[in-house]
Every structure is written in C-alpha cells, then in structure tokens.
Amino acid sequence: MSVLMLTMAIVLCIAMIGAAFVAILGKSLPIAFLAAGLVSLVASVLFLILASPDVAMTEAAIGSGLTTFLFFFVLGRVRKGEHDGCGIDHD
Amino acid sequence: MIKRFIALVLLLTIGAIFAVLLLGYEPDAELNTTARYYADHTAQDIGSANIVTAIVVTYRGLDTLGEVTVLFLAAAIVGLVLSQGRQAAATRRGLTPVGELLTTGSRFLAPLIMLLGVYIFVNGHLTPGGGFQGGAVIASGMLLLLLADPLKHFSHGLISTLESLSGLLYVAIGLLGLFLAGGFLDNRFLPTGELGALASAGAIPLIYSLIGLKVGAEFSSMLASLTETEEL
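Chains A and B supply the protein sequences, listed in that same order. If you read the first sequence in the working numbering, its first letter stands for residue -18, the second for the next number, and so on. If you read the second sequence in the working numbering, its first letter stands for residue 250, the second for the next number, and so on.
Hints are supplied without guarantee of correctness; some may be wrong.
What the hints assert, rightly or not - Quick partial rundown of chain A residues pointing at chain B, CB under 8 Å, derived from the structure: (1) L47; (2) F50; (3) F54.
Simulated from the structure, these hints should not be mistaken for lab results. Built from N, CA and C at the ideal position, the CB exists for glycine as well.
Chain B with its partners taken away, still in its complex shape (with noise of 0.2 Å):
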C-alpha cells in the first residue's frame, strides 16, 4: 500500500515537472547567440552547405572523434565476446530456407542500399545526413545480405582492416589540420572551393567518407560476429 502510494506521488511530480516544462514553453522567435554565430560564420569560414554537418565534423570534431571511440569499443567488445563461441558456419543445422522473394528481393536491394550509404556520407557536407547515418544504412544493407543468406561468410580480415584504416586516416587528417591549419581536425588545409560544390569545404567530404566506412564497417563486423556465432 504504501509502496503504490510512494509511486503514485513520485509519478505525479515527475509529471509536474514536464507539465511545468511544457507550459513555460515558448519556441525562440530569433536563433540565440550560439546559432546565430553558427548560422552566419559557417558558409564562409568552413565552406560547408549544411551546418549542421560543419559543427559536428569541425567546429565540434573532437566530440565525433570520440563517438567513434565509444562506437569502436562497443564494436570491439562485441567481437570479443561472440568470438569465443564461433564455430564453423557449416556446422549448423536446422535453418529455415529462406523464401524466393527475400532472396531475389535482397539481390535487387542490397546494392542500391550500399549505394544510398554512400551517398549520404559522401555528401554529407551538402545535403542532410553523414558518416553516422550513411553508415548505418550500409549496415542495414549488410544485414539484408546475412538475411537472405544466413551462412554468407563476410571477410572479418578486409571488415577490421577497413575500420582501422579509416580510423588511423581520420587522426592523420585532425593532425594534418592541426599542422597546417588552425587546430585539430580543421578541415581548412585543403581549399574550401565553391560553396555547395561536391568538391568543396575542405577535409570535410573526406573526414565523413572515413567516418562513415568505419562506421558501417563496425556495425556489419556487430552483425556478422551475431549471426556466426553458434553458442554463447
């Protein structure tokens, strides 16, 4: 009883806490100083069309640099984990054949999927979206693949050698900035060129293109190490 009671009040004030909040809104009729200096210094100083990708890899790039770190040790300890029960992938039984549409469909799909992936991150610099969400959807398309073709052997070697070589890259480039430019990951010592232009903002194409192959490399290594994996 008076634990219901206990709920009930600690319920009730954290419902007046959002009430509270949601009342005492009101959307910002002009951006504050922060965005504003975004919105009016980003064009010209980075030379990015989207903003928003122009503070995450630039502006706050050593942020992104550590979500990769947390992305890569997640990825990592996954690995680790499912590497102690994998077994030969021929050794398993019992799997339910797969239908013809998924694997006529995933044929079709997987390679347009791939390809939107890499649309995204590589115009991550013009058009919404980046090496997070490009990634992402090249994992998806991976697991189209591992979908229509359980025992599909994915090449763990090329994976890893992929992930670490874009995320050796990656530093090498903050560090170039770093050299050549105004301060680390400054994507600056390569020619803004034209704004809007694919070939434009300096590092930043090339930063989100690493980026992205690291993240979709990491998420598809989470996936194949899940579904080769025999027993825990």
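Extracted from the complex, chain A is given alone in its bound form (with noise of 0.2 Å):
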C-alpha cells in the first residue's frame, strides 16, 4: 500500500469515527441518519482500498442507500402519526 493510499485511509477511518460520534452524540435524528449513512459510504470506500470491490458495492447499495431511506421512512412515518394524533395518546 502507497503512504498516499495509507494518509487517505487514515482520513477515511477518522471521518468515519467522527461521523459514528455525530449519529450517537447528535441531537437531530435526520443529521443523526445521514452521519449513520456516511459511517456505511466511508466503510465502502475502505473495503475498496482493501482490495474488495464486492464487498464495497453491497456496503454502498445497502447500507449507505437503503438503510438510510428506511430510517428516514419510518421518520416520516412517526411524525405524521404525531400529527394526527393518531400516534402515542399522552393525555
């Protein structure tokens, strides 16, 4: 591996740490969805840099596109619920 593949690496893997503390840590659950979607592209990009481009194209299919979408969804889905009132009665 290049020292330029390895400094980008390194990059790479402290993105993804500080994007995983910004889905934990987060206040907004939407930001907190797309640091949780980051987490997955940085990952695919790192199992590209590790010789598996397989591996990688399922990680950014499922788990950057996806997963995201459905956290979203059932987001949406919440919140509409509220709305109505049909959701959690807290009276």
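Given two chains presented individually in distinct reference frames, assemble the corresponding complex, making use of the accompanying hints.
And the structure:
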C-alpha cells in the first residue's frame, strides 16, 4: 500500500469515527441518519481500498442507500402519526 | 456503583481479547491450503475468471441458495405484514412536492443505475460483484424512482412473477447440474468456454443473472410495499 493510499485510509477512518460520534451524540434525528449513512459510505470506500470491491458495492447500495431510506421513511411515518393524533396518546 | 464496576470489567475484558487478537495478527505470507486449491483449480475446473464468483455460485452454491431463500422469506414477511395496511395510493394527502432537480435527475439517472445493476450481475463471473450486488443496485434505482414520485405504482404482479420465475429457474438449473454434470448446482452442463469471455463459465452467468433478478425484485417489492402502505 503506497503512502498516499495509507494517508487516505487514515483520513477516511478518522472521518468514519467522527461521523459515528455525530450519529450517536447528535441531537437532530435526520442529521444522525445522514451521519450513519456516511459511516456506511466511508466503510465502502475503505472496503475498496482493502481490495474487496464486491463487498464495497453491497455496502454502498444497502448500507448507505436503502438503510438510510428506511430510517427516513420510518421517521416520516412516526412524525405523521404524531401530527394526526393517532400516534401515542400523551393524556 | 456495582453495576458500573461490572460494566467496566466487561469492557476491559472484551478490550483485552481484541487487543490480543490485534497484536497477535500476522498477515499470511502465502495462501492456506483451501485458498490455494481454489486459486489453482478454479480457472480450469469452473472456467470463471472471478474466483469469488466460482466459490459463491458453484463450490458453495448450496449456501447461496440458502441465502436467497432467507431473503425471499424476509421479503415475503414484509409484504405480508404491510399488505394489511395497504390503501389506494390516491387517498394519500399532505405529500411535499418533490423538487425539479430530483425529478429530472431521477429520469436521467434511474435507467443508468438499472443498466449498471444488470451489467454487474451479467459480468459476475468476470468482474467483481454478482447477483446480490447487481440486485441491490437495481433496487436503489427503484428507490430513486420512488423518491421522485412517491405515488408511482409498480405492478406487484409483474415483480412477484419475475421473482418466483427466477427462483424456480435457479433451482431447475441446479437440478440440471445434478443430472447432466457432477452435482447439484454444477455449472459444467454448459460448455465452460474460453476463460474471460462473456459466454463462459458454463451456467454461472445464467445462475447469477437469475439471482440478480430475484434479489432486485425482492428489494423492489419491499420498497414498493413500504411506500404504498398508509397505516399499520
């Protein structure tokens, strides 16, 4: 692995850990979802650097694409339920 | 207090186990026996340029059939649960209009993404990737279409026909291998051809295309059921 690739991998790792902390500690749910998707996206680039392009494809399509969609979809459904008043009753 | 202490001890123990694993790790200088067998024999036995595909589809083909079955069960259960709340799409209200950028972009990109998915699974025996990856890419193209137009209606009949047909053909090809070649899911009842050509590696391109269609149809049906469901 050349020095350039190694530097890139280390930068990506730091970005991944940073995004993971944002996903856990962030107050806003949409930003946390996006950060979790970013973790997957960086992971897929790392898989590519580690010479496994097929795992990278799966991670990019499912981890950062479909999973993020699922999170947002459920968030939209839950919020809509709250507005309609047919969600959880607070009284 | 005692709870925190136990948690700390547990964390330290797990950390110590990982540290030992990491410190004791040495990359293999050469392939181990199983890996060397596959690396040496795949090209002449199976005729597939991509060794990973040869292992996934042929040597461990039964595992792949199991994986496809698990995915099928998951899709079937999602469809079953969500079909309880399915309503006519026209009754939905309060949809935020999607932007011009997303509409135009999805019209341009969705066919390209689908084409990439098909390319990935058709070339599964030559380049990295295969049925599962290609299917997932096709499903993300469908996702883009659904995001651009949430009221878009996909034909569930077509998706489920495609899905069951490809599953059935997959097992039928496996059985053909059992009768005409060395065993269940053996790819060599078709000529293995020239290494690296598109029409090579026996039945592997056929099997992987069927897996790709099946996985793509399963994910797409899950996405379509999710967006069509009004209330649970």
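Taking the hints in turn, this is what the structure says about them:
no. : hint : result
1   : L47  : 7 Å, holds
2   : F50  : 6 Å, holds
3   : F54  : 6 Å, holds
Checked against the numbered hints given earlier, this structure breaks none of them.
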